Amino acid sequence: MEAVKSVPMTQEKKNRKLPQKIGMYAMLGIFLVVSIFPFYWMFIGSTNESGKMFTNPPTLLPGTKLVENYQNLNSAIDVSRVLFNSLFVSLLYVVSALIVCSLAAYALAKLEFKGKNLIFTAFLLSMMIPYQATLIPLFQMMSSAGWLNTYFAVIAPQICYPFAIFLLRQNFLAFPTELIEAARLDGASELKIFAKVVMPAMRPSLAAASIFLFMTQWNNFLWPLVVLNDSSMHTFPVALSSLMGLSYIDYGQVMMGVSIATIPIIIFFLVLQKQFISGMLGSAVK
Amino acid sequence: MSRSRLFPYWFLAPALVLFLIFTVYPVAASFILSFQKFEAGSYAFNGLNNYIRLFNDEIFWTALKNTFIIFVFQVPIMLLLAIVLAGALNSQLLKLKGFFRVSFFLPAVTSLVAYSILFSIMLQEEGIINNALSYLGIAAVPWLSDGFWAKASIILAMTWRWTGYNMVIFLAALQNIPEEIYEAASLDGAGKIRQFFHITIPQLKPVILFAGTLSTIGTLQLFDEPFNLTKGGPADSTMTLGLYIYQNGFEYFQFGYASAIAYVVVVLVAILTFIQFKVAGDR
Chain F
40 MEAVKSVPMT
50 QEKKNRKLPQ
60 KIGMYAMLGI
70 FLVVSIFPFY
80 WMFIGSTNES
90 GKMFTNPPTL
100 LPGTKLVENY
110 QNLNSAIDVS
120 RVLFNSLFVS
130 LLYVVSALIV
140 CSLAAYALAK
150 LEFKGKNLIF
160 TAFLLSMMIP
170 YQATLIPLFQ
180 MMSSAGWLNT
190 YFAVIAPQIC
200 YPFAIFLLRQ
210 NFLAFPTELI
220 EAARLDGASE
230 LKIFAKVVMP
240 AMRPSLAAAS
250 IFLFMTQWNN
260 FLWPLVVLND
270 SSMHTFPVAL
280 SSLMGLSYID
290 YGQVMMGVSI
300 ATIPIIIFFL
310 VLQKQFISGM
320 LGSAVK
Chain S
8 MSRSRLFPYW
18 FLAPALVLFL
28 IFTVYPVAAS
38 FILSFQKFEA
48 GSYAFNGLNN
58 YIRLFNDEIF
68 WTALKNTFII
78 FVFQVPIMLL
88 LAIVLAGALN
98 SQLLKLKGFF
108 RVSFFLPAVT
118 SLVAYSILFS
128 IMLQEEGIIN
138 NALSYLGIAA
148 VPWLSDGFWA
158 KASIILAMTW
168 RWTGYNMVIF
178 LAALQNIPEE
188 IYEAASLDGA
198 GKIRQFFHIT
208 IPQLKPVILF
218 AGTLSTIGTL
228 QLFDEPFNLT
238 KGGPADSTMT
248 LGLYIYQNGF
258 EYFQFGYASA
268 IAYVVVVLVA
278 ILTFIQFKVA
288 GDR
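Chains F and S supply the protein sequences, listed in that same order.
Per the numbering used here, the very first residue in the first sequence carries number 40; after that it's consecutive.
Per the numbering used here, the very first residue in the second sequence carries number 8; after that it's consecutive.
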């Protein structure tokens, strides 16, 4: 009986909601264009010569200068070298930060010890400390140790990343404690339990955290700018930024650089978007 | 008990050691440095002089004002847009949700340097944005060469970069609000706008606080955008505290003075976060 009654109701409801629906699609459409257009424009710019970016009516189609822009970019900065620097630094960072942070996160989630709350609170509070408050002493430290212009200097200060510890801890909390206790009764060592029982089950969370950590390092700018003054050690964002400091700016070349910095990460994002978003958000908000 | 009671500390040791060396020590050292001055090859105690100098430094006040203006406009505009978009994407009427969500999130994966440079090109006097505006009959806007518009440019760029990111945070939270609440409100005759202000916003309060705190900390440290988009100009109109710290530290090598500015940022973050928690807690 109810089913019969509900049919005309929904139909009427649908008709009433039509204007609302149109309005919503119109709004989302505008935002869609705003979100996507700069990427398209970046691509157009990387295939055209400098002047084409400032014509009216605008040049909206790809040009023929793709290879030339790349060659110009490559003569201004050593593209393969700085890309290698960025990739190497980011991967090294992901591996080291993941090990250090997951060990700490596991201890904070699943082990009992004195001072646990104090340590956790200290990590949480440190997330509120602006980066600039540590910048200068860190630079002095690296400088007096002779570590300026090394990969180590770029990654070391951020290996213990409290936000990553916090996110991983949230995930470790959901792991069944009974399994850990059972493994203990079987006589497994604590490190073995961590490596063989807990970590394999945590793979999706670790993948999400890796993406987050990778992005953080790949896009990092201020700290590498400060500790890397030798251009052969520059990471890609630092090299890219240096292009804008030249007296003559070749915008085609700059757009090519912006594209190289952006397109791989977009492809990476589109393939792994689920893990990407959960990596950015973590499980702080489920 | 054959097992050592110390083993949890072994798990924490690498993180703790790094934390002490690279966070606790620099935070303390920076505080001490803010009372020092580099003189004749070494650091000497300088009393409150760095802070007194700050008080009389016009560029510092400009940077503080600019940072604050950007914060006051950018964060609320962005959070409101993010909530509206999340609300729309959460609606049952909508198809292609996944597509919209991915598209709106896309700006959030770009590097701050790359998008700042991209916007600096688009916002030039003869750039694509002014060209597009000319078709709407709007005269060219001096985006990067006028103090007011340069700040607007930074706000615009930041909003483009971060709205989708916040939208995803809100979307995740919205999906936890039971649909029945909205249905009941509909039956009681509450319109969409009333529902938005009386259900959506209150239900999202903790998440808005979370996103607001992250944005506050981020905006007060603002560096990459002004550095790459406007270089702080014209005439310091986009000079931010973050940029001024960098200039004093790494262009003028006045570490003590730069540390004093850094501590102003620390105090501001603490105050603003405290206020946000207070406001959210009282309601």
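Hint data in this document are derived by calculation from the structure and do not stem from the laboratory.
Here the structure is a predicted model, which means the values were calculated and not measured.
A few of these clues could be false.
[Said to hold, decoys possible] Just some of the chain S residues that point at chain F, by a computed CB distance under 10 Å:
#: 1; residue: Phe14
#: 2; residue: Phe26
#: 3; residue: Val148
#: 4; residue: Phe262
[Said to hold, decoys possible] Straight-line distance between alpha carbons at most 25 Å, and here's what the computed DSS-like set of lysine-lysine pairs gives:
#: 5; chain 1: F; residue 1: Lys60; chain 2: S; residue 2: Lys102
#: 6; chain 1: F; residue 1: Lys56; chain 2: F; residue 2: Lys153
#: 7; chain 1: F; residue 1: Lys155; chain 2: F; residue 2: Lys56
#: 8; chain 1: F; residue 1: Lys313; chain 2: S; residue 2: Lys199
#: 9; chain 1: F; residue 1: Lys155; chain 2: F; residue 2: Lys60
#: 10; chain 1: S; residue 1: Lys285; chain 2: S; residue 2: Lys212
#: 11; chain 1: F; residue 1: Lys60; chain 2: F; residue 2: Lys149
#: 12; chain 1: F; residue 1: Lys313; chain 2: S; residue 2: Lys104
#: 13; chain 1: F; residue 1: Lys56; chain 2: S; residue 2: Lys104
#: 14; chain 1: F; residue 1: Lys235; chain 2: F; residue 2: Lys149
#: 15; chain 1: S; residue 1: Lys104; chain 2: S; residue 2: Lys44
#: 16; chain 1: S; residue 1: Lys212; chain 2: S; residue 2: Lys72
#: 17; chain 1: S; residue 1: Lys199; chain 2: S; residue 2: Lys212
#: 18; chain 1: S; residue 1: Lys104; chain 2: S; residue 2: Lys158
#: 19; chain 1: F; residue 1: Lys56; chain 2: S; residue 2: Lys238
#: 20; chain 1: S; residue 1: Lys285; chain 2: S; residue 2: Lys44
#: 21; chain 1: S; residue 1: Lys199; chain 2: S; residue 2: Lys72
#: 22; chain 1: S; residue 1: Lys199; chain 2: F; residue 2: Lys60
#: 23; chain 1: S; residue 1: Lys212; chain 2: F; residue 2: Lys56
#: 24; chain 1: S; residue 1: Lys102; chain 2: S; residue 2: Lys199
#: 25; chain 1: S; residue 1: Lys238; chain 2: S; residue 2: Lys104
#: 26; chain 1: S; residue 1: Lys285; chain 2: F; residue 2: Lys60
[Claimed, not checked] Chain S stretches covered by chain F per the calculated footprint, using a threshold of three residues with CB under 8 Å from any CB of chain F:
#: 27; region: 96-107
#: 28; region: 125-134
#: 29; region: 187-197
Note that the Cβ used here is the ideal one computed from N, Cα and C, for glycine as well.
Tested hints:
no. : hint                 : verdict
1   : Phe14                : 5 Å, holds
2   : Phe26                : 5 Å, holds
3   : Val148               : 14 Å, violated
4   : Phe262               : 5 Å, holds
5   : F:Lys60 to S:Lys102  : 10 Å, holds
6   : F:Lys56 to F:Lys153  : 59 Å, violated
7   : F:Lys155 to F:Lys56  : 54 Å, violated
8   : F:Lys313 to S:Lys199 : 30 Å, violated
9   : F:Lys155 to F:Lys60  : 52 Å, violated
10  : S:Lys285 to S:Lys212 : 12 Å, holds
11  : F:Lys60 to F:Lys149  : 48 Å, violated
12  : F:Lys313 to S:Lys104 : 14 Å, holds
13  : F:Lys56 to S:Lys104  : 18 Å, holds
14  : F:Lys235 to F:Lys149 : 15 Å, holds
15  : S:Lys104 to S:Lys44  : 57 Å, violated
16  : S:Lys212 to S:Lys72  : 28 Å, violated
17  : S:Lys199 to S:Lys212 : 18 Å, holds
18  : S:Lys104 to S:Lys158 : 33 Å, violated
19  : F:Lys56 to S:Lys238  : 48 Å, violated
20  : S:Lys285 to S:Lys44  : 38 Å, violated
21  : S:Lys199 to S:Lys72  : 37 Å, violated
22  : S:Lys199 to F:Lys60  : 13 Å, holds
23  : S:Lys212 to F:Lys56  : 28 Å, violated
24  : S:Lys102 to S:Lys199 : 19 Å, holds
25  : S:Lys238 to S:Lys104 : 38 Å, violated
26  : S:Lys285 to F:Lys60  : 38 Å, violated
27  : 96-107               : holds (count 5)
28  : 125-134              : holds (count 8)
29  : 187-197              : violated (count 0)
Violation of the numbered hints given earlier is confined to hints 3, 6, 7, 8, 9, 11, 15, 16, 18, 19, 20, 21, 23, 25, 26 and 29; the remaining hints are satisfied by the structure.
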